[in-house]
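**Student:** Residue-level listing of the chains:
2 protein chains.
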Amino acid sequence: MSSSVSASAGTKVLARVRLATVSDIPQIYRMIHQMAEFERLTDHFSATESLLSSTLFPTAPNHSPPPFYSFTVFIVDLNRNLVRDVSDDTNLNPHFTPMLREVDLVEGEGSVEGERLFFEKEKNGWEVAGFVLFFPNYSTFLSKPGFYVEDLFVRKEFRRQGLGTMLLSTVAKKATEMGMGRVEWCVIDWNVNAIDFYQEKMGAKVLPEWKICRLTDDALQAYAHKED
Amino acid sequence: MSSSVSASAGTKVLARVRLATVSDIPQIYRMIHQMAEFERLTDHFSATESLLSSTLFPTAPNHSPPPFYSFTVFIVDLNRNLVRDVSDDTNLNPHFTPMLREVDLVEGEGSVEGERLFFEKEKNGWEVAGFVLFFPNYSTFLSKPGFYVEDLFVRKEFRRQGLGTMLLSTVAKKATEMGMGRVEWCVIDWNVNAIDFYQEKMGAKVLPEWKICRLTDDALQAYAHKED
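These protein sequences, in sequence, are chains A and B.
Going by full-length UniProt numbering, the residue at position 189 of the first sequence is 189; the numbering climbs one at a time, nothing skipped.
Going by full-length UniProt numbering, the residue at position 126 of the second sequence is 126; the numbering climbs one at a time, nothing skipped.
Treat each hint with caution, since some may be false.
If several chains are the same, the list does not tell them apart, and a pair holds so long as it fits within one copy or across any two.
[Stated by the list, open to error] Distance condition first, Cα-Cα at most 25 angstroms in a straight line; then the derived PhoX-like pairs of lysine-lysine:
1) 144 with 12
2) 156 with 123
3) 205 with 174
4) 121 with 12
Calculated from the structure, these hints are not laboratory results.
None of these values were measured; they are calculated from a predicted model.
Isolated chain A, as found in the complex (with noise of 0.2 angstroms):
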């Protein structure tokens, strides 16, 4: 068990975080119904792509505050052509500029064909590979912003590589680019490796002493018109 992943050879690809865009839409939503089936939380996805298209890009121009002041998603994708200045329009984005690496990909299992299509589908030869959902949040007692990251899913042949910290520490960057005091998120207690990877090599503090609590459904219908 003393061999090394990253000793492997593996295959050069160019690595790319970038701002998704509305066309991103149908593999941001197979990605969250992969991450549903692996949190075994299929019974709350109700998810769908209009609805995500809807709130993730709203049109009205009152409902669309610029990318990092609502709810903002950022793209891993991957191009095996190493081409850094493809000009497709998620270059242009004038709210972020899209960060490249270069990294030694060896693929995991679980690699099929058909999926590698419909996650490269019209996208210049760039694979979609993960992403992370995230927006502000706020903090009374520092009396600042900071960002809550809700989703972060990286699909499983291309985990292990490090494009989950790449995606995670551009949003550390731009927390601290933007002054805020913090970066928050969840984990669910029995994921003890993704604890151990936060404590660890992050090192984010685990917060056991809060208990998040839910208004939803019947009992938020009833709790609105308790003062009618």
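Following the hints, put chain B in place on chain A, whose structure we already have.
**Tutor:** Only chain B this time, still in chain A's reference frame:
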């Protein structure tokens, strides 16, 4: 121990939930400090009035989405004059019509004259009694926004009169009006009175399996520059 507080003769006052304005900053600051004392978290407290003002009421147009699309504060205040048509600025906010309700106020312990003057300073007879700070969050599984309640606070002498419920149910009402799927918040695990209230009186679910992770200070800086 069988006497009922609600049977005591109280004073009829008018309670109002309204959007906060920048002129509420001194009162909001004072309440946040009182909250930090109650939660035994004053060592994490680094709020200032100036930071609160610039982050909750930013002046750059790009950075100030309308209320409910970013950090939003509702104030609950009380008026002993029972005048419903007070035409102060706070009633003229185009984004939210204040909610008014008569309450039978039975003041608790801790009412101090100096405090009261501070909390009603220059507010046409309205005395600030509490606040709630909330902002949109997002559930990918629902593909819908919700509200996350960062802080809910009612001044000690005004507790157990329904003012916290008035604040939270106004947030819930706004969430349902905006087609949101959830209202969420966190509770510290030793605050069993609060947990009982949320579960039994509100019908909220407490999710014991999720833990909050936080990256802050030096660890945030280090991680932000990991890919440099």
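**Student:** Decide, hint by hint, whether the structure agrees.
**Tutor:** So, going through the hints one by one against the coordinates:
1. Taking the shortest Cα distances, residue 144 and residue 12 never come within 25 angstroms of each other, neither inside one copy (40 angstroms) nor across copies (38 angstroms).
2. Taking identical chains as interchangeable, the C-alpha atoms of residue 156 and residue 123 lie at most 25 angstroms apart only when both belong to the same chain, with a minimum of 20 angstroms there against 58 angstroms between chains.
3. Taking the closest pair of Cα atoms, residue 205 and residue 174 come within 25 angstroms of each other only inside a single copy of the chain (20 angstroms); across copies the shortest separation is 33 angstroms, beyond that limit.
4. With identical chains, the CA atoms of residue 121 and residue 12 are at most 25 angstroms apart within one copy only, with a shortest distance of 21 angstroms there and 66 angstroms across copies.
Going down the numbered hints, you'll see the structure goes against just number 1.
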